[in-house]
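Asker: Here is how the chains run, residue by residue.
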Amino acid sequence: MSLVLAAVCIAIMVVMALALARSFSSPTVYDRILGINMFGTKTVLFIAVVGFLMGRPDFLDIAIVYALINFIGMVAVLRFFEYTAPVE
Amino acid sequence: MTELIDLVLLAMLALTALKIIFLKDLFAVVMLFGIYSFLSALIFINLDAVDVAFTEASVGAGISSVLMLGTLALTGRTEKENKRSSLLPLLVVTVTGAALIYGTLDMPPFGAANNPVHEHVAPRYIEESPKEVGLPNMVTSVLASYRGFDTLGETVVVFAAAIGVLALLGVRREKTDNVRQSGFTDHYVLRIIAKLVIPLIILFALYVQFHGDFGPGGGFQAGVIAAAAFILYALVYGLPSAFRVVGPKFLQGLASFGVLLYASVGLYSMFKGGQFLDYNKLAVDPLAGQHYGIIIIELGVGITVFAVMLSIYYAFASQTERGNT
Amino acid sequence: MNFIFDYYNYWVVVFLMMAGFYIVISANNLVKKIVGLNIFQTSVFILYISMGKVSGGTAPILVEGVTQYSNPLPHVLILTAIVVGVATTAVGLSLIVRIKRAYGTVEENEFENTDDAI
Amino acid sequence: MFILDIVSSALLIAGVFFGLTGAVGLFKFPDFFTRIHAASVTDSVAAILIIGGLLLQTSFDLNTAKLLFILAFLLITSPTASHALAKSARHGGLLCLAETTNKPTDERPHD
Chain D
1 MSLVLAAVCI
11 AIMVVMALAL
21 ARSFSSPTVY
31 DRILGINMFG
41 TKTVLFIAVV
51 GFLMGRPDFL
61 DIAIVYALIN
71 FIGMVAVLRF
81 FEYTAPVE
Chain R
1001 MTELIDLVLL
1011 AMLALTALKI
1021 IFLKDLFAVV
1031 MLFGIYSFLS
1041 ALIFINLDAV
1051 DVAFTEASVG
1061 AGISSVLMLG
1071 TLALTGRTEK
1081 ENKRSSLLPL
1091 LVVTVTGAAL
1101 IYGTLDMPPF
1111 GAANNPVHEH
1121 VAPRYIEESP
1131 KEVGLPNMVT
1141 SVLASYRGFD
1151 TLGETVVVFA
1161 AAIGVLALLG
1171 VRREKTDNVR
1181 QSGFTDHYVL
1191 RIIAKLVIPL
1201 IILFALYVQF
1211 HGDFGPGGGF
1221 QAGVIAAAAF
1231 ILYALVYGLP
1241 SAFRVVGPKF
1251 LQGLASFGVL
1261 LYASVGLYSM
1271 FKGGQFLDYN
1281 KLAVDPLAGQ
1291 HYGIIIIELG
1301 VGITVFAVML
1311 SIYYAFASQT
1321 ERGNT
Chain C
2001 MNFIFDYYNY
2011 WVVVFLMMAG
2021 FYIVISANNL
2031 VKKIVGLNIF
2041 QTSVFILYIS
2051 MGKVSGGTAP
2061 ILVEGVTQYS
2071 NPLPHVLILT
2081 AIVVGVATTA
2091 VGLSLIVRIK
2101 RAYGTVEENE
2111 FENTDDAI
Chain B
3001 MFILDIVSSA
3011 LLIAGVFFGL
3021 TGAVGLFKFP
3031 DFFTRIHAAS
3041 VTDSVAAILI
3051 IGGLLLQTSF
3061 DLNTAKLLFI
3071 LAFLLITSPT
3081 ASHALAKSAR
3091 HGGLLCLAET
3101 TNKPTDERPH
3111 D
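Chains as they are written, first to last, in the numbering used here: chain D, 1 to 88; chain R, 1001 to 1325; chain C, 2001 to 2118; chain B, 3001 to 3111.
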């Protein structure tokens, strides 16, 4: 079982790396935000899987915080982006 | 497995830092800084520091990024082309980095159990704190009980920072008769979902506040999460609506109340015949006294951090809304 | 090989520190300087937490049947340092907002052209 | 227990598969609105499958409740975030592929 969890863990890290690469080089600024959002949701799953892999799944609280902050950060980015959008 | 995860995460962290150096779009810089904080919090989890990861994820990634975004809205989002040569800074950085790397060679190897760090007070904390304080979470016992004086200092520093920000920026209350439309007026889905999510976040903040003795969490984290819920409300529904829910004046009172609550526990224990912040004297049974003391001071920390973070956000957001009409 | 595994964590931390330091001394924009300071700060946090790690240990929250815990002391120090760090960041950012209002710019090399009146 | 483990592994692997396809779609799809589709749709399926797989490994205690909370929260917020992002992009004047090929003017879409 832990073999499967380890494999899943590595695969999620690959997805995270891809999302990070998307946010590094993106055609539009919205793609960057999209990559960052995907990175955030994947880290939530990553923490959950790592908790089970290490045998201490009682740290799922941190995954909840990630989900919360990811959502609030996303809203904040969109909100302040509306203010900053006109580039002189 | 731990080493592998550590290595991959550190590599991502290094790449993110490199990317931040070369980006000129400050908006992207701040978003990548949010990712940087998230990644470092993942490293903290991997290195067993769950409480620290909790704090970094909520404070570093959440509040810092939001404040930086608010500043960018006022100062413009592109960095101007730098005409100075970057050779000298590069030289300085290389020399300093080489010196530091030379210094690390004298450090004890990473992760060894007999490093000097682990042989001073740490064994006592690990072995005695469950008996002396009676809490399973050693970080909370050290933070609130053994180093309670230090934590009082940190709370006062946070409070002082709020005073500094408010003195520099101030919160302008807009008159109620000419409230501009602010917030996401046309994002109906977002408005409904925010209404649904905010109670959940506040509930979770209360859970973190009172479960911090047994799992990761505590006053600092809970205060920030509760502030994040109200920040979400202010972002979606606009600042004037948020002022009607929690006013800036009320928050200033709340911030000082938290610090006073913390300090009054210390004074009360002196009054009962112990030292300052000596929780053993708070009740007949020392263990119960420790428990009362920790719950009350964590509450004080939580209230102060909540009020400070929210007033700092108010200060920045009212500048932004005023500057962009 | 063992040598690398003993120290790579510290080396990456030094690299991150220097990345933050480079941003602080070379960037022109004050907001970017604050980001650089924060990167530097976070790398110091990682250094402390790395020192507190014990191989084979687990998080310092008591569970039955485990005797090897990581060192809780660095965790406590860094936990409060993070909160104080964000508080000082907020003060720095509000100074930047005031600078923008007084001088009309947040680029370091443009200050020379304005006089000292606030 | 053996069957539960197999089902759980299958769910986890399926979830990771969807996560990977979403990440590939982030690079392969031609314009922003198709990319957001790839990312968000596979994202929610991956979240359901992976957390479902982990749920089978808990023993119905506090962790189960926390996992369910995470799942519910992700299912509420992540589509909302994608929706808000797409709407902002549309508002900010981003065109989808069909519009850019049919009329190459830069005019802002009225919504």
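Keep in mind that the hints were calculated from the coordinates and are not lab data.
No experiment lies behind these values; they were computed from the predicted model shown.
Glycine included, C-beta positions come from ideal geometry on N, C-alpha and C.
One should not assume that every hint holds.
As the list claims (entries may be wrong) - Some, not all, of what chain R presents toward chain C, calculated at C-beta under 8 Å:
id : residue
1  : 1064
2  : 1068
3  : 1086
4  : 1092
5  : 1241
Claimed, not checked - Simulated pairs of lysine to any residue, SDA-like, Cα-Cα distance not exceeding 25 Å:
id : chain 1 : residue 1 : chain 2 : residue 2
6  : R       : 1281      : R       : 1124
7  : B       : 3087      : B       : 3041
8  : R       : 1131      : R       : 1019
9  : B       : 3028      : D       : 53
10 : R       : 1195      : B       : 3028
11 : R       : 1195      : B       : 3072
12 : R       : 1131      : R       : 1291
13 : R       : 1083      : C       : 2024
14 : R       : 1195      : B       : 3079
15 : R       : 1131      : R       : 1270
16 : R       : 1272      : R       : 1299
17 : R       : 1083      : R       : 1094
18 : C       : 2033      : C       : 2081
19 : R       : 1131      : R       : 1110
20 : R       : 1080      : D       : 28
21 : R       : 1131      : C       : 2062
22 : B       : 3028      : D       : 29
23 : R       : 1024      : C       : 2081
24 : R       : 1195      : B       : 3071
25 : C       : 2033      : R       : 1136
26 : C       : 2033      : R       : 1117
27 : R       : 1019      : R       : 1117
28 : B       : 3028      : D       : 13
29 : R       : 1080      : C       : 2062
30 : R       : 1019      : D       : 4
31 : R       : 1272      : R       : 1247
32 : R       : 1083      : C       : 2091
33 : R       : 1281      : R       : 1136
34 : R       : 1080      : D       : 25
35 : R       : 1080      : C       : 2091
36 : R       : 1080      : C       : 2081
37 : R       : 1019      : C       : 2021
38 : R       : 1080      : C       : 2033
39 : R       : 1024      : R       : 1085
Asker: Each of the hints needs a verdict: does it hold here or not?
Answerer: Hints, verified against the model:
no., hint, result
1, 1064, "holds (5 Å)"
2, 1068, "holds (7 Å)"
3, 1086, "holds (5 Å)"
4, 1092, "holds (7 Å)"
5, 1241, "violated (23 Å)"
6, R:1281 with R:1124, "holds (22 Å)"
7, B:3087 with B:3041, "holds (16 Å)"
8, R:1131 with R:1019, "violated (48 Å)"
9, B:3028 with D:53, "violated (32 Å)"
10, R:1195 with B:3028, "violated (36 Å)"
11, R:1195 with B:3072, "holds (15 Å)"
12, R:1131 with R:1291, "holds (12 Å)"
13, R:1083 with C:2024, "holds (16 Å)"
14, R:1195 with B:3079, "holds (15 Å)"
15, R:1131 with R:1270, "holds (23 Å)"
16, R:1272 with R:1299, "holds (21 Å)"
17, R:1083 with R:1094, "holds (21 Å)"
18, C:2033 with C:2081, "holds (19 Å)"
19, R:1131 with R:1110, "violated (30 Å)"
20, R:1080 with D:28, "holds (20 Å)"
21, R:1131 with C:2062, "holds (11 Å)"
22, B:3028 with D:29, "holds (17 Å)"
23, R:1024 with C:2081, "violated (29 Å)"
24, R:1195 with B:3071, "holds (18 Å)"
25, C:2033 with R:1136, "violated (41 Å)"
26, C:2033 with R:1117, "violated (33 Å)"
27, R:1019 with R:1117, "violated (34 Å)"
28, B:3028 with D:13, "holds (19 Å)"
29, R:1080 with C:2062, "violated (52 Å)"
30, R:1019 with D:4, "violated (33 Å)"
31, R:1272 with R:1247, "violated (37 Å)"
32, R:1083 with C:2091, "violated (29 Å)"
33, R:1281 with R:1136, "holds (21 Å)"
34, R:1080 with D:25, "holds (20 Å)"
35, R:1080 with C:2091, "holds (24 Å)"
36, R:1080 with C:2081, "violated (32 Å)"
37, R:1019 with C:2021, "holds (14 Å)"
38, R:1080 with C:2033, "holds (13 Å)"
39, R:1024 with R:1085, "holds (16 Å)"
Hint check: violations occur at hints 5, 8, 9, 10, 19, 23, 25, 26, 27, 29, 30, 31, 32 and 36; the rest are consistent with the structure.
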